[in-house]
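*Asks:* All chains, please: the whole structure from these sequences, using the hints.
Letter by letter, the chains look like this.
There are 2 protein chains.
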Amino acid sequence: MAKASGGKKLAKKDYEARVPALRGALVQMQVALQHASFPVLLVVAGDDAAGRGDVVNLLNGWLDPRGVETFSFHKPTDEERERPPMWRYWRCLPPRGRMAIYAGGWHADALREDPRSPRELDEFDENLRRITHFESQLAAGGALIVKVWLRLSKVAQRDRMLALESDPDTAWRVTPENWNNHQDYERLALLAERMRRATHRPTAPWQVVDAADPRTRNLAVAELLLARFKQHSVAQKKVPAPTKPSRVTSLRPSGLARLQALPLDQMLSEADYESKRDKWLGRLNQAVRTAAERGRSIVWVFEGWDAAGKGGAIRRLTSALDAREYRVIPVAKPTDEEKVHHYLWRFWRHVPRAGRVTIYDRSWYGRVLVERLEGFCREDEWKRAYAELNDFEAQLTEHGIIVLKFWLHLSKDEQLRRFRHREETDYKQHKINAEDWRNRRKWHAYEIAVGDMLALTDRPQAPWHLIPANNKRFARLEILKTSCKQIAAALEE
Amino acid sequence: MAKASGGKKLAKKDYEARVPALRGALVQMQVALQHASFPVLLVVAGDDAAGRGDVVNLLNGWLDPRGVETFSFHKPTDEERERPPMWRYWRCLPPRGRMAIYAGGWHADALREDPRSPRELDEFDENLRRITHFESQLAAGGALIVKVWLRLSKVAQRDRMLALESDPDTAWRVTPENWNNHQDYERLALLAERMRRATHRPTAPWQVVDAADPRTRNLAVAELLLARFKQHSVAQKKVPAPTKPSRVTSLRPSGLARLQALPLDQMLSEADYESKRDKWLGRLNQAVRTAAERGRSIVWVFEGWDAAGKGGAIRRLTSALDAREYRVIPVAKPTDEEKVHHYLWRFWRHVPRAGRVTIYDRSWYGRVLVERLEGFCREDEWKRAYAELNDFEAQLTEHGIIVLKFWLHLSKDEQLRRFRHREETDYKQHKINAEDWRNRRKWHAYEIAVGDMLALTDRPQAPWHLIPANNKRFARLEILKTSCKQIAAALEE
Numbered sequence: 001m002a003k004a005s006g007g008k009k010l011a012k013k014d015y016e017a018r019v020p021a022l023r024g025a026l027v028q029m030q031v032a033l034q035h036a037s038f039p040v041l042l043v044v045a046g047d048d049a050a051g052r053g054d055v056v057n058l059l060n061g062w063l064d065p066r067g068v069e070t071f072s073f074h075k076p077t078d079e080e081r082e083r084p085p086m087w088r089y090w091r092c093l094p095p096r097g098r099m100a101i102y103a104g105g106w107h108a109d110a111l112r113e114d115p116r117s118p119r120e121l122d123e124f125d126e127n128l129r130r131i132t133h134f135e136s137q138l139a140a141g142g143a144l145i146v147k148v149w150l151r152l153s154k155v156a157q158r159d160r161m162l163a164l165e166s167d168p169d170t171a172w173r174v175t176p177e178n179w180n181n182h183q184d185y186e187r188l189a190l191l192a193e194r195m196r197r198a199t200h201r202p203t204a205p206w207q208v209v210d211a212a213d214p215r216t217r218n219l220a221v222a223e224l225l226l227a228r229f230k231q232h233s234v235a236q237k238k239v240p241a242p243t244k245p246s247r248v249t250s251l252r253p254s255g256l257a258r259l260q261a262l263p264l265d266q267m268l269s270e271a272d273y274e275s276k277r278d279k280w281l282g283r284l285n286q287a288v289r290t291a292a293e294r295g296r297s298i299v300w301v302f303e304g305w306d307a308a309g310k311g312g313a314i315r316r317l318t319s320a321l322d323a324r325e326y327r328v329i330p331v332a333k334p335t336d337e338e339k340v341h342h343y344l345w346r347f348w349r350h351v352p353r354a355g356r357v358t359i360y361d362r363s364w365y366g367r368v369l370v371e372r373l374e375g376f377c378r379e380d381e382w383k384r385a386y387a388e389l390n391d392f393e394a395q396l397t398e399h400g401i402i403v404l405k406f407w408l409h410l411s412k413d414e415q416l417r418r419f420r421h422r423e424e425t426d427y428k429q430h431k432i433n434a435e436d437w438r439n440r441r442k443w444h445a446y447e448i449a450v451g452d453m454l455a456l457t458d459r460p461q462a463p464w465h466l467i468p469a470n471n472k473r474f475a476r477l478e479i480l481k482t483s484c485k486q487i488a489a490a491l492e493e
Numbered sequence: 001m002a003k004a005s006g007g008k009k010l011a012k013k014d015y016e017a018r019v020p021a022l023r024g025a026l027v028q029m030q031v032a033l034q035h036a037s038f039p040v041l042l043v044v045a046g047d048d049a050a051g052r053g054d055v056v057n058l059l060n061g062w063l064d065p066r067g068v069e070t071f072s073f074h075k076p077t078d079e080e081r082e083r084p085p086m087w088r089y090w091r092c093l094p095p096r097g098r099m100a101i102y103a104g105g106w107h108a109d110a111l112r113e114d115p116r117s118p119r120e121l122d123e124f125d126e127n128l129r130r131i132t133h134f135e136s137q138l139a140a141g142g143a144l145i146v147k148v149w150l151r152l153s154k155v156a157q158r159d160r161m162l163a164l165e166s167d168p169d170t171a172w173r174v175t176p177e178n179w180n181n182h183q184d185y186e187r188l189a190l191l192a193e194r195m196r197r198a199t200h201r202p203t204a205p206w207q208v209v210d211a212a213d214p215r216t217r218n219l220a221v222a223e224l225l226l227a228r229f230k231q232h233s234v235a236q237k238k239v240p241a242p243t244k245p246s247r248v249t250s251l252r253p254s255g256l257a258r259l260q261a262l263p264l265d266q267m268l269s270e271a272d273y274e275s276k277r278d279k280w281l282g283r284l285n286q287a288v289r290t291a292a293e294r295g296r297s298i299v300w301v302f303e304g305w306d307a308a309g310k311g312g313a314i315r316r317l318t319s320a321l322d323a324r325e326y327r328v329i330p331v332a333k334p335t336d337e338e339k340v341h342h343y344l345w346r347f348w349r350h351v352p353r354a355g356r357v358t359i360y361d362r363s364w365y366g367r368v369l370v371e372r373l374e375g376f377c378r379e380d381e382w383k384r385a386y387a388e389l390n391d392f393e394a395q396l397t398e399h400g401i402i403v404l405k406f407w408l409h410l411s412k413d414e415q416l417r418r419f420r421h422r423e424e425t426d427y428k429q430h431k432i433n434a435e436d437w438r439n440r441r442k443w444h445a446y447e448i449a450v451g452d453m454l455a456l457t458d459r460p461q462a463p464w465h466l467i468p469a470n471n472k473r474f475a476r477l478e479i480l481k482t483s484c485k486q487i488a489a490a491l492e493e
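Those protein sequences? They're chains A and B, same order as listed. Residue 295 in the working numbering sits at position 295 of the first sequence, with consecutive numbering throughout. Residue 368 in the working numbering sits at position 368 of the second sequence, with consecutive numbering throughout.
Counterexamples of contact, computed for chain B against chain A with all Cβ distances above 10 Å: (1) K12; (2) P176; (3) R197; (4) S246; (5) L259; (6) H399; (7) R459.
Quick list of in silico lysine-lysine cross-link-like pairs, DSS-like style, CA-CA up to 27 Å: (8) A:K333 / A:K244; (9) A:K481 / A:K279; (10) A:K276 / A:K485; (11) B:K431 / B:K339; (12) A:K431 / A:K333; (13) A:K237 / B:K428; (14) A:K276 / A:K472; (15) B:K333 / A:K333; (16) B:K12 / A:K276; (17) B:K13 / A:K279; (18) A:K431 / A:K442; (19) B:K481 / B:K412; (20) B:K9 / B:K154; (21) A:K339 / B:K431; (22) A:K12 / B:K276; (23) B:K333 / A:K339; (24) A:K12 / B:K279; (25) A:K431 / B:K237; (26) A:K472 / A:K485; (27) A:K237 / B:K431; (28) B:K339 / A:K333; (29) B:K383 / B:K244; (30) A:K13 / B:K279.
Everything labelled a hint here was simulated from the structure, so no lab data went into it. Idealized CB from N, CA, C, for every residue including glycine.
*Replies:* Here you go:
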């Protein structure tokens, strides 16, 4: 971890001589940022009384306030508490071309837990793991992450707090908690160091700044930001544009084998379906209500071939649910607000509140399917995505959300039959277009991508359910049954 | 108010014979809606046990769930309570081309207050006035609003509740509160009628549906929706496209006179500014902190000529604020998510939480300035906007938010000087473009529009402050002083 050499005090006139150039450079940086392909996240954290608020306010004064937004995380709101812990940070991410300053950041939230017992320290480490993953993801998505830790020695901390207290204008800023923390300086310093060590990564490094002299501190933070921005801009320009893969090969052939081994000839007669459907709809209704009573949310993910019957299956499913408690999110082209954020941002947005249901009609798996095959993202991006998607779902399931993932599988012949039927049926014509035919021509490439997805994102807490969908009735009943069983199993844990 | 003729019971086979065509028509409606220029809002409200939930669920089963979202409003979350009451409804509006179903809607929230005393009834009526205005605004913006009241007689209500209780699967749906309400049937029916009467408008009419027979009720609601959609589609197609005004004339010349009477020659020397600035920044900091302690939020609105110094003024202002407590919202072209919503939606989004600050750099007044003059909206739209903007701000101030509106005024010569200076100064070139020069050529038309704005949206609770801005120092100090005084005055009330 980089450390600024501390100790000496900077004279006021030397400071004032250097500020104008720095301010100019910061504004120039903001102008350049507007056209950049990445966002800037600046975390200003540090010891008590090290001047985090002062630095944040100063930077806001130096920067053009129209291009920067500042966040500090207080007690989570109830809307936040009902989602996985990282949800509140995802909703405060700047889009491409803009900058966010975090006073304390997610790190301060983690430290505020003040872990002491071994169990609390385990939880703390788990939090840090989540934070590291969060930052790595954003950095991999192109974000510039600058994290500054303002360090103050115990003696300097006491002097600063006494100085603040002696001025009636600033006395309110020193709280009894600050003095308690001061008594406990050594333990807290170790805890902060443990945090920094755990969350320090080349793409999101901690930079420790000596905060004993406020002027030196201010310049150091601004200069760090400028240097990192410059470096990052150069690096980002070298990132190659995504290209369409010339050949698609399997990463993990076991997935493809699993897919191809799925028997597609199961049938269910109209009579059988009619006799069983209502029973399972009733059970599903009961299962979802029980989950809601316990504050457990449910996320359904529907993926499958074009014309595999996702829409119809979702309709049968929702007919068992109370419409006031679920949302169906059709995943098509991202909106422009979505386009300028990390690719997972648009899915985080719709994570349900406690006891509610979100049904994704297509999902984050687009990253490793259409985006992989059409060259909408780079090879390193979709390859990394398997771990990112697993992590996203792990955050949901760890929060108690029940995740049900379905792949609706179809034979190539059956798809052709359905396409033709759609073209011939007046009110279904809007459901078929040239793109569907194009995708069909890449059937085998898609099979490989689906296979890899199945093999690499099948986890005990969020397994893939393969549904033979050549027969719509069979598929729908399978989905109902599997959903009931999975929810019941999750509630029993 | 339209009333469906009730009484007879529909036989199951007659019902089932009619359902398929109705479902087909509903899905056709959704396909048509995708390309429509308006959203659909369906409110399903009614007496206890009249089957609101059943109707909502049934419609959701009949419709394609991907094009419709259902909302029901429970206890407000803390994020909602900290904003004006209508905020929670604004955040649940469907975009153009989509449909939302509201189980109970905002009307149920109003009725849930169960007003009894004259004071409570006054508040109730005030709520209804707000609701009426909300709906009128959305309707004027093109939205189709269908409001259905499911009516049940006292006897039918009792029978329905007994029937629900006798089935173990549905017994949970009847609560002690339902029985209490049943005892109080007459009073509640009167209250509901008072609500319907107050919120009944040609563009958002109530349609009362007899809910005694569920099958008749279901068909009636679906048919109403279809009929209103058809009617609305035809009407919307006749709405003319906006045109650029050929001549701009003043609606209220007093505003223009006020603008032109503003003396622009006030100066403030560097020394005077320096000596006074810090005092006022300190006062502002104190005033904003006091407001925050009392849970009062502040909204600043900055409007003014191009190059009038809005950005600089905002920077001086924010230098007195804690960066963790304010957001600056630069208002430029709407994003595509914003474009498909009502024009006020993008401003509602950023209304601050309790004790926080939002600074709008340009604002909703674009509607009666650039949109009026460039023909981005129709004449009836911008003419109606004055009342809409006043109402929006009234909702803020009634909630306790302090609204500070500034118009930064400049002479035409001074603007020219600044444009030239920008063009000649390297790091300011990005701040001037062809559009600025185009706007400048329409100076007089803009003067008229600004004058109308000043005259028509100057209210005691949210007055316009005209700032002579030929001298930047004078303008900045004026803004600081005025802000301090206005905040202090608001806190004294």
